[in-house]
Amino acid sequence: MTSLRKLENGVLTVGTFAAAALWIFPLYWAFITSMRSEDRVVSKEAGVIPDEFNPAAYIDILWNTNLVSWYINSIGTAVIITFTVIVSGMMCAYAISQMRFPGRRILYGVVLASFMVPSQALVVTQFILMNDMGLINTWAGIILPQLIVPVVIIVYKQFFDAVPKELREAVVLDGGGDYTLLFKVYLPLNWGITTALAIITFIMAWNQFLWPFLAVTTEDKMTIPVGITQVNDAFGVFYARLMSVALLGAMPVAIAYLIFQKKVTEAVMISSGVKG
Amino acid sequence: MAMLTNRRKEMAVAASLVAPFVLTFALVFLYPAIRLVELSFTNSPLIGEGEWVGFDNFSRLLSDKLFLTSLRNNGYFVLLTVIPTTVLALCIALMINRLRGSVQALALAIFFLPYILPVSVVTQIWTWMLDFQFGVLQPVIAFFFGKSVAVFKNPYWAMPTVALVTIWWTNGFNVLLFIAGLRNIPKDYYEAAQLDGATRMQLFRRVTWPLLWPVTALVLTLQMILQLKIFDQIYLLTKGGPFNSSYVMLLMVYREAFQLNHGGYASAIALVLFIVIAAFSVLQYQLLRAGGRR
Chain A
1 MTSLRKLENG VLTVGTFAAA ALWIFPLYWA FITSMRSEDR VVSKEAGVIP DEFNPAAYID
61 ILWNTNLVSW YINSIGTAVI ITFTVIVSGM MCAYAISQMR FPGRRILYGV VLASFMVPSQ
121 ALVVTQFILM NDMGLINTWA GIILPQLIVP VVIIVYKQFF DAVPKELREA VVLDGGGDYT
181 LLFKVYLPLN WGITTALAII TFIMAWNQFL WPFLAVTTED KMTIPVGITQ VNDAFGVFYA
241 RLMSVALLGA MPVAIAYLIF QKKVTEAVMI SSGVKG
Chain B
1 MAMLTNRRKE MAVAASLVAP FVLTFALVFL YPAIRLVELS FTNSPLIGEG EWVGFDNFSR
61 LLSDKLFLTS LRNNGYFVLL TVIPTTVLAL CIALMINRLR GSVQALALAI FFLPYILPVS
121 VVTQIWTWML DFQFGVLQPV IAFFFGKSVA VFKNPYWAMP TVALVTIWWT NGFNVLLFIA
181 GLRNIPKDYY EAAQLDGATR MQLFRRVTWP LLWPVTALVL TLQMILQLKI FDQIYLLTKG
241 GPFNSSYVML LMVYREAFQL NHGGYASAIA LVLFIVIAAF SVLQYQLLRA GGRR
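If you read the protein sequences in the order shown, they are chains A and B. End of the first sequence sits at 276 in this note's numbering; the numbers just go up one at a time, nothing left out. End of the second sequence sits at 294 in this note's numbering; the numbers just go up one at a time, nothing left out.
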């Protein structure tokens, strides 16, 4: 390696870390702000070095907002959405991949087509439907329109297609039916992709803003992303509190991501088709 | 005879397997989609009955200044985000791809982390960073432009700032796709080219860029679709203002349907948005197929 190459490499590595530092700065700044007193936050001396570890803003948020209800609503709805999307998607994909029945091709065509439909364009009529069913401002109302995640079926079908046919024949000879096959053979063989899909479905559901924002009318039924925006109105410009509530709201998904980093990466790559 | 009952049994099993998805799909997706088309030809309020008005809503759209502004702003936003984020993501992916092991994992995590944050967390943080009086970025703006700017209250700054926030938020996704693409390029290509004495620039232009093109095309179309659907950040940062300078189609759907109670007109706008995005999605699907995947 020539010395010029070495110099280039050194510059590029330093540049990468400078860019990374810049990229993480907003989160760092939010954290520093959340640990300061409101007076300190807006004072001239408040620099970029952490100088105070004051949990007052966090305590105030926990006491004076509906944060706990928002957490419960977010966790509850996101868990139900994830479970339902994964199980119904897996069952549907299994039937499409492994069974012969009339309408199979049409069904898969519909799944592929709905992958291209922007669900945001449907919010008006979904709202009317939920209202007709009396589900506005309920968990069911938040959950139902979020249950269609076609990419889960598309990915599962790919993976089920790749399972060797010999396994199937062995189970069928032993008298096992399709449910046995799905839950005793196909699912255990695909635990990896199942957890990956479950994690990104959960993150997606947790972060959903537009639909829960429309479907909920009272503060106690809000999910985290919607609830956070209420804190502005309640406190005005008290940035330590705004930052602490934002960070508390982001924490569950941030932790989930940091723990399952590899899985999330894999799921994103597979579900967008760059890695099969 | 046994064959026949077997066949029938298999049918019943298949039906029970697809039923949960199919029924939910019919209820919350297909039915609302059909209703959307139907409503767009009526003058009905959000809740309640209306009358059939034919293509009135659509002809009204063509002369609705706010709609044309929204359409233009959607285009402007696409311009401000799609190519910049693609170029930026490619640069970052190339930088990360050089690193190894846990250092690489750390760098990737830093660039990806914003993507998994809820949108309102992102907007809260940036509202604070760009606060006119106390924002940490105002001295930076003052340094380059001579004075502080209330970015979300200034018609020239609003859209570019929302675009900047959006790029910070979603760029990690694109970085990840590019990294996957880079990993798919066989190492021997680089080794062979290096043996021939290729420079770093030549390696990029002759090996990386052409082999990465399917992923680049995918990122471009995915971004196009995503950015056309912009609503959350606009609503939370500018509410479409100032002077409608950041008004976009989905915001108009929201305003017409939920604040002005024009269910029919809102449906017509939503339908237009739907068609525009569907067209780009078909394009994306073709590209995916052309790329030899799925």
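Simulated from the structure, these hints should not be mistaken for laboratory data. Using N, Cα and C, we set each Cβ at its ideal position, and we do this for glycine too. Be careful, since some hints might not be right.
[What the hints assert, rightly or not] Covered by chain A, per the in silico footprint, the following chain B stretches (three or more residues, Cβ under 8 angstroms):
#1 16-26
#2 50-58
#3 165-176
#4 216-225
Structure-based check of each hint:
no.: 1; hint: 16-26; verdict: holds (count 7)
no.: 2; hint: 50-58; verdict: violated (count 0)
no.: 3; hint: 165-176; verdict: holds (count 3)
no.: 4; hint: 216-225; verdict: holds (count 3)
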